[in-house]
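**Q** Here the structure of chain A is known, so what remains is to put chain B in place on it, guided by the hints.
Each chain is listed here by its residues.
Protein chains: 2
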Amino acid sequence: MSATRYTLYSYFRSSASYRVRIALQYKGLAYDYAPVHLLADGGQQYAADYRAVNPMSELPSLVVRDAAGGAVTLAQSVAILEYLEETCPEPPLLPRDALGRARVRQLVEVVNSSIQPIQNLKVLKKLGDDFALDRAGQVAWGRYWVERGFGGLEGLLARVAGEHACGDAVTLADVVLVPQVYNARRFGMDLASFPTISRVAAAAEALPAFRAAHPDAQPDAPAEG
Amino acid sequence: MSATRYTLYSYFRSSASYRVRIALQYKGLAYDYAPVHLLADGGQQYAADYRAVNPMSELPSLVVRDAAGGAVTLAQSVAILEYLEETCPEPPLLPRDALGRARVRQLVEVVNSSIQPIQNLKVLKKLGDDFALDRAGQVAWGRYWVERGFGGLEGLLARVAGEHACGDAVTLADVVLVPQVYNARRFGMDLASFPTISRVAAAAEALPAFRAAHPDAQPDAPAEG
Numbered sequence: 017m018s019a020t021r022y023t024l025y026s027y028f029r030s031s032a033s034y035r036v037r038i039a040l041q042y043k044g045l046a047y048d049y050a051p052v053h054l055l056a057d058g059g060q061q062y063a064a065d066y067r068a069v070n071p072m073s074e075l076p077s078l079v080v081r082d083a084a085g086g087a088v089t090l091a092q093s094v095a096i097l098e099y100l101e102e103t104c105p106e107p108p109l110l111p112r113d114a115l116g117r118a119r120v121r122q123l124v125e126v127v128n129s130s131i132q133p134i135q136n137l138k139v140l141k142k143l144g145d146d147f148a149l150d151r152a153g154q155v156a157w158g159r160y161w162v163e164r165g166f167g168g169l170e171g172l173l174a175r176v177a178g179e180h181a182c183g184d185a186v187t188l189a190d191v192v193l194v195p196q197v198y199n200a201r202r203f204g205m206d207l208a209s210f211p212t213i214s215r216v217a218a219a220a221e222a223l224p225a226f227r228a229a230h231p232d233a234q235p236d237a238p239a240e241g
Numbered sequence: 017m018s019a020t021r022y023t024l025y026s027y028f029r030s031s032a033s034y035r036v037r038i039a040l041q042y043k044g045l046a047y048d049y050a051p052v053h054l055l056a057d058g059g060q061q062y063a064a065d066y067r068a069v070n071p072m073s074e075l076p077s078l079v080v081r082d083a084a085g086g087a088v089t090l091a092q093s094v095a096i097l098e099y100l101e102e103t104c105p106e107p108p109l110l111p112r113d114a115l116g117r118a119r120v121r122q123l124v125e126v127v128n129s130s131i132q133p134i135q136n137l138k139v140l141k142k143l144g145d146d147f148a149l150d151r152a153g154q155v156a157w158g159r160y161w162v163e164r165g166f167g168g169l170e171g172l173l174a175r176v177a178g179e180h181a182c183g184d185a186v187t188l189a190d191v192v193l194v195p196q197v198y199n200a201r202r203f204g205m206d207l208a209s210f211p212t213i214s215r216v217a218a219a220a221e222a223l224p225a226f227r228a229a230h231p232d233a234q235p236d237a238p239a240e241g
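So the protein lines, in turn, are chains A and B.
Per this note's numbering: the first sequence = residues 17 to 241.
Per this note's numbering: the second sequence = residues 17 to 241.
In short, the hints are calculated from the structure, not lab data.
Hints may be right or wrong, so weigh each one.
Claimed, not checked - Cross-link-like lysine to any residue pairs, in silico, SDA-like; alpha carbons within 25 Å at most:
no.	chain 1	residue 1	chain 2	residue 2
1	A	142	B	202
2	A	138	B	185
3	B	43	B	185
4	A	142	A	65
5	B	142	A	65
6	A	142	B	139
7	A	141	B	43
As the list claims (entries may be wrong) - Chain A residues, not near chain B, derived (Cβ > 12 Å throughout):
no.	residue
8	47
9	57
10	68
11	85
12	89
13	98
14	183
15	185
16	227
17	230
18	233
The C-beta atom is built at its ideal place from N, Cα and C for all residues, glycine as well.
Excised from the complex, chain A in its bound form (with noise of 0.2 Å):
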């Protein structure tokens, strides 16, 4: 449909990079993948040549190519999904309504700014150095956040959602909310105190988008997940 093109930089656990992966896939935009391992070599995200995509060193970017020649890269996950609904805005993973996209907006950043920085892997890093807590203690840590989060979003998904987490349509509050429930998972929590969570996540999780977004189906996941 358009000549731009798009490159992803990814790790295949990075929640953030797998919100971006999502939106691309359900848009229909092909990309090409470009993986950041966050752990080999000290953390790839650390050399030279990914600081001068993205100064921050975190995961994902996204550069953008147009048809003739010019690029742009763009960074932080959630700037990166508003971007790409300002740009393909078919299928909308925003309401139409300023009310409706502020229930979604404040659906994601329960998870962007209340949940997700708490317990990623830099801060459960620091923990180790800062404390020598153990990989035990770094889980316990991130359990914690996620279920205090999980908690105020149970109760703020219980007015809103509908088949998805706002509504009977995929938006991108579903977008960010799969990602963590991945991270969830990966704390070894258990969703059952979390039924509306788990319902709708499980909705979006069975969508062909979604799938193809999964840590799992990435390029750079080991062959035994």
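**A** Chain B in isolation, oriented as in the chain A frame:
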């Protein structure tokens, strides 16, 4: 201009509340101020009456009442900022073009998801509880994440800053940067290593809307700042 009425649940020092105060002031929107003290009474955000407003027990929340008496409650500062921008677009806090908007949102998210959540009050408190971290240790933790984030942000700003954080107009990037700089000062950080951050923060802080939104100017600020 409109019969819409706003009530902001806020704490004077909450940097996420501070963001929304700036946007309301910048757009000339009058609002009622509902203080929620994050430390008094074990944290008023955990009281049943505030949990009914916001199940996440976080600040800010914005209640929007229309002329017909309908009311909606929105939480999460970035979702609120986007809602205000969509419903009260003048004066704008986002550029018109998708790429410009993405650049602003990228800067917003560096603060919103990569810095602020890891250094906020509930994380510092949890570190105190789990690792007997004293106040000096908590400040050192906060400084570490702000300094690390500002290092990357300085590199991003060098590409896009003009008179303000993203070009010559005030944008949401300034709206979230100024409260983070306020936090940095509270952590005793020397901002001399971040000349672009310092320069654009000073330019924004001098504007009337930013001054009116400053923590020391709020009704719940103690008489001696």
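**Q** The structure should be examined with respect to each hint, and the outcome stated for every one.
**A** Going down the list of hints, with the structure as the test:
1. As the CA atoms of residue 142 of chain A and residue 202 of chain B are separated by approximately 22 Å, the hinted pair is consistent with the 25 Å bound.
2. The suggested pairing of residue 138 of chain A with residue 185 of chain B is violated, with an alpha-carbon distance near 34 Å, which exceeds 25 Å.
3. Simply put, residue 43 of chain B and residue 185 of chain B have alpha-carbon atoms about 14 Å apart, close enough for the 25 Å limit, and the pair holds.
4. In summary, the hint linking residue 142 of chain A to residue 65 of chain A is supported, as the alpha carbons are separated by about 24 Å, within the 25 Å threshold.
5. Pair hint residue 142 of chain B plus residue 65 of chain A does not hold up; C-alpha atoms about 36 Å apart against a cutoff of 25 Å.
6. Distance restraint check for residue 142 of chain A and residue 139 of chain B: the Cα-Cα separation of roughly 13 Å lies within the 25 Å cut-off, and the hinted pair is therefore satisfied.
7. For the suggested pair residue 141 of chain A and residue 43 of chain B, the alpha carbons sit about 41 Å apart, so the restraint of at most 25 Å is broken.
8. Every C-beta of chain B lies more than 12 Å from that of residue 47 of chain A, the closest at about 16 Å, which supports listing it as non-interface.
9. The non-interface label for residue 57 of chain A is consistent with chain B: the shortest C-beta to C-beta separation is roughly 20 Å, beyond 12 Å.
10. Once the 12 Å rule is applied to beta carbons, residue 68 of chain A is inconsistent with being away from chain B; the minimum gap is 10 Å.
11. No Cβ of chain B comes within 12 Å of the Cβ of residue 85 of chain A; the nearest lies about 16 Å off, and the non-interface call holds.
12. With a least CB separation of 10 Å from chain B, residue 89 of chain A falls inside the 12 Å interface cut-off, contrary to its annotation.
13. Remark: the non-interface label on residue 98 of chain A conflicts with the geometry, its nearest Cβ contact in chain B lying 6 Å away (cut-off 12 Å).
14. Once the 12 Å rule is applied to beta carbons, residue 183 of chain A is consistent with being away from chain B; the minimum gap is 15 Å.
15. Interface exclusion of residue 185 of chain A from chain B stands, the closest Cβ pair being 18 Å apart, more than 12 Å.
16. At the 12 Å boundary, the C-beta of residue 227 of chain A stays outside the reach of chain B, the nearest C-beta of that chain being 26 Å off.
17. The Cβ of residue 230 of chain A lies farther than 12 Å from every Cβ of chain B, with a closest approach of about 22 Å, so its non-interface assignment holds.
18. Interface exclusion of residue 233 of chain A from chain B stands, the closest Cβ pair being 25 Å apart, more than 12 Å.
The structure is inconsistent with the numbered hints 2, 5, 7, 10, 12 and 13, although it conforms to all the rest.
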